[in-house]
Amino acid sequence: MKTLVVGGNDAIAYAVSKSQVDVVSAYPITPQTSIIEKIAGFIAAGQMHAKFIKVESEHSAMAACIGASAAGGRVFTATSAQGLLLMHEVLHWAAGANLPIVMANANRALAPPWSIWAEQTDSLSQRDTGWIQLYASNSQEAYDLVFLAFRTAEESLVPAMVCMDGFLLTHTKEPITMFDDEIEPFISKRTPRDILDVSNPKAFGSLAFPKDYMPVKIKQHKGMLKALDIFEEVAGQFNEISDRSYSSICQYGDGTDVAIVTMGSIAETAHLAVDRLNNEGIKSRLVKITMFRPFPKKRLAEALKGVEHVVVFDRNISHGKGGIIKDEVTGALGLTNSIGFVCGLGGYDVTEEDMIKSVKGVLEGTIKEDTILWSEA
Amino acid sequence: MKEIGLHGRGGQGIVFSGEILANVYFFEGYRVLFMPSYGAERRGSPSNAYVRIDKQKIYARYAVSVPDAVVVFNMSLLSNIKLKEDGIALLNTTEDIKKSSSSKARIFVVDANSIATKLKLGTPAMPIINTALLGAFCKAMGDFSFDNLKRAIEEKMGSRAGINIQAAEMAYEAVREL
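These protein sequence lines are chains A and B, in that order. Okay, so the first sequence: first residue is 199 according to the working numbering, each after it adds one. Okay, so the second sequence: first residue is 5 according to the working numbering, each after it adds one.
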């Protein structure tokens, strides 16, 4: 293993180069582009033995991934924002066909107005496509989650996306510890699955009448729920070779006055908020969501057990409702003690100061309902 | 934690010098976070990059607002640059500037353009001054070794490293504190 100062996009590309991928198909979009540029470079230099399929759009990129995955290949793509939205229809096809494709998504705000900066509304609006969603809070996690995504996807037969905040992770450079050959036994494990085979012809995507459609969808739902435990199991194996531990829900601190719940790079900053709140005598904890789909309800309930106030920070918005994570957390656990803050849209900064002020507002009773954090409002 | 701001114009190698600086501090045993600020970048428009360094893990994931130290590649940007009261500023200038008597900041000046022009780095209209400024910054900061700067330039620049290290050495000698 070696530690180098690299960006989140570089980290993803390095991880993919060690993942024994057969096919990559992608279309460039800021702030994802340097992932596929670097991968294309690895392939051209013979450092990666994969086929790169160039396409004219993200819809076609996912279509190419579906074909390659159905033919039995290990497949990767990367996109962001508008590109992910253009894939929307085919995302359902990939998940419905049980194809373990892995995708990196650089979380970027949606137009209009045009923005290239961080926001999670792009991937969260793909919530119901049947893809596993993993969120990195720093670039070491982004690197590691690529390996976990391939193994979890292949063992559960559910495609997986690894999401990372645009620029805050994709273009920020930090020391990342990367594997040489230590990852090989972990990543070379492949789960046998049904694939297209000319000597044993089968049909994919045929018409299903209501009595057949329902059972297929029930099977898909139950299969996806299995990914919850598969992820933890695979993370355990990963821990043995890397000494880095992952779980669908990660907890920092164990204070019971307040739990800060969030996802992505804001969870890094939240460590500082928790430390300062604890220093001031407000007993706090951070509950970070690494896996958003399937939703780790049980582990989340354990992490929030006995907590007086749940404060959720959402770098996303469902217009006409509010923060998506807040809604999911509150709904899944039937919480009556949660308050949500929508913040950081379009890459707007979120500091520990913002979080501390919000938490204090909730504890002091001056903030009684979901709020949009906007200093200039 | 220390925060360093690099301020120049598109084409001056601001992002690249930030990356070198992050590597230098990493070699020195620091945790680093290098954050280039991206927008509608183009040649000549203001370009900024920031480096956070700390002996512990860095958790802050938002823009640097008031750095502990700044490198000013282009004096026309000075009015938009923030610095802590007792911070360190390295200015690339030929002007005979005076430090205000009330200022607690440490101000260093160097004429990086002349050094780059002398070594034929870039063109006289657009000299490439980033490595010279890093050499001067090494002297101004005093918290990283020139050897580690040399190593980072060698690792990132390959065959072009030699002349850039020479520029850094010349600026290291030429920089002076006001």
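The set of hints was computed from the structure by calculation and includes no laboratory data. Heads up, some of the hints might be wrong.
[As the list claims (entries may be wrong)] Where chain B lies over chain A, by a calculated footprint (3+ residues, C-beta under 8 Å): (1) 371–377; (2) 456–466; (3) 541–554.
[Said to hold, decoys possible] List time: in silico EDC-like cross-link candidates among lysine to aspartate or glutamate, alpha-carbon distance up to 20 Å: (4) B:K88 with A:D473; (5) A:K503 with A:D452; (6) B:K59 with A:D473; (7) A:K200 with B:D100; (8) B:K86 with A:D547.
[What the hints assert, rightly or not] Not close to chain B: a few residues of chain A, all C-beta gaps over 12 Å, as computed: (9) T228; (10) L366; (11) F402.
This one's a predicted model, so the numbers in the text were calculated from it and none came from an experiment. Glycine is no exception: its CB is placed at the ideal position from the N, C-alpha and C atoms.
Verification of the supplied hints:
1. Counting residues of the stretch 371–377 of chain A whose C-beta sits closer than 8 Å to any C-beta of chain B gives 3, which meets the bar of three, so the coverage hint holds.
2. Interface restraint, the stretch 456–466 of chain A with chain B: holds (3 residues with C-beta to C-beta distance below 8 Å; minimum three).
3. Look at the stretch 541–554 of chain A against chain B: 4 of its residues bring a Cβ nearer than 8 Å to a Cβ of that chain, three or more, so the hint holds.
4. Taking the CA atoms of K88 (chain B) and D473 (chain A), the gap is about 24 Å. The hint is violated against a cut of 20 Å.
5. Taking the CA atoms of K503 (chain A) and D452 (chain A), the gap is about 10 Å. The hint holds against a cut of 20 Å.
6. A C-alpha spacing of about 17 Å is found between K59 (chain B) and D473 (chain A), which places the hinted pair at or below 20 Å, so the restraint holds.
7. Taking the CA atoms of K200 (chain A) and D100 (chain B), the gap is near 47 Å; set against the 20 Å cutoff, the hint is violated.
8. This hinted pair checks out: K86 (chain B) and D547 (chain A) have alpha carbons roughly 17 Å apart, not beyond 20 Å.
9. Some Cβ of chain B comes within 12 Å of the Cβ of T228 (chain A); the nearest lies about 8 Å off, and the non-interface call is violated.
10. For L366 (chain A), the condition that its CB be more than 12 Å from all CB atoms of chain B is violated, with the nearest at approximately 5 Å.
11. Here F402 (chain A) stays apart from chain B, with its beta-carbon at least about 41 Å from theirs, past the 12 Å limit.
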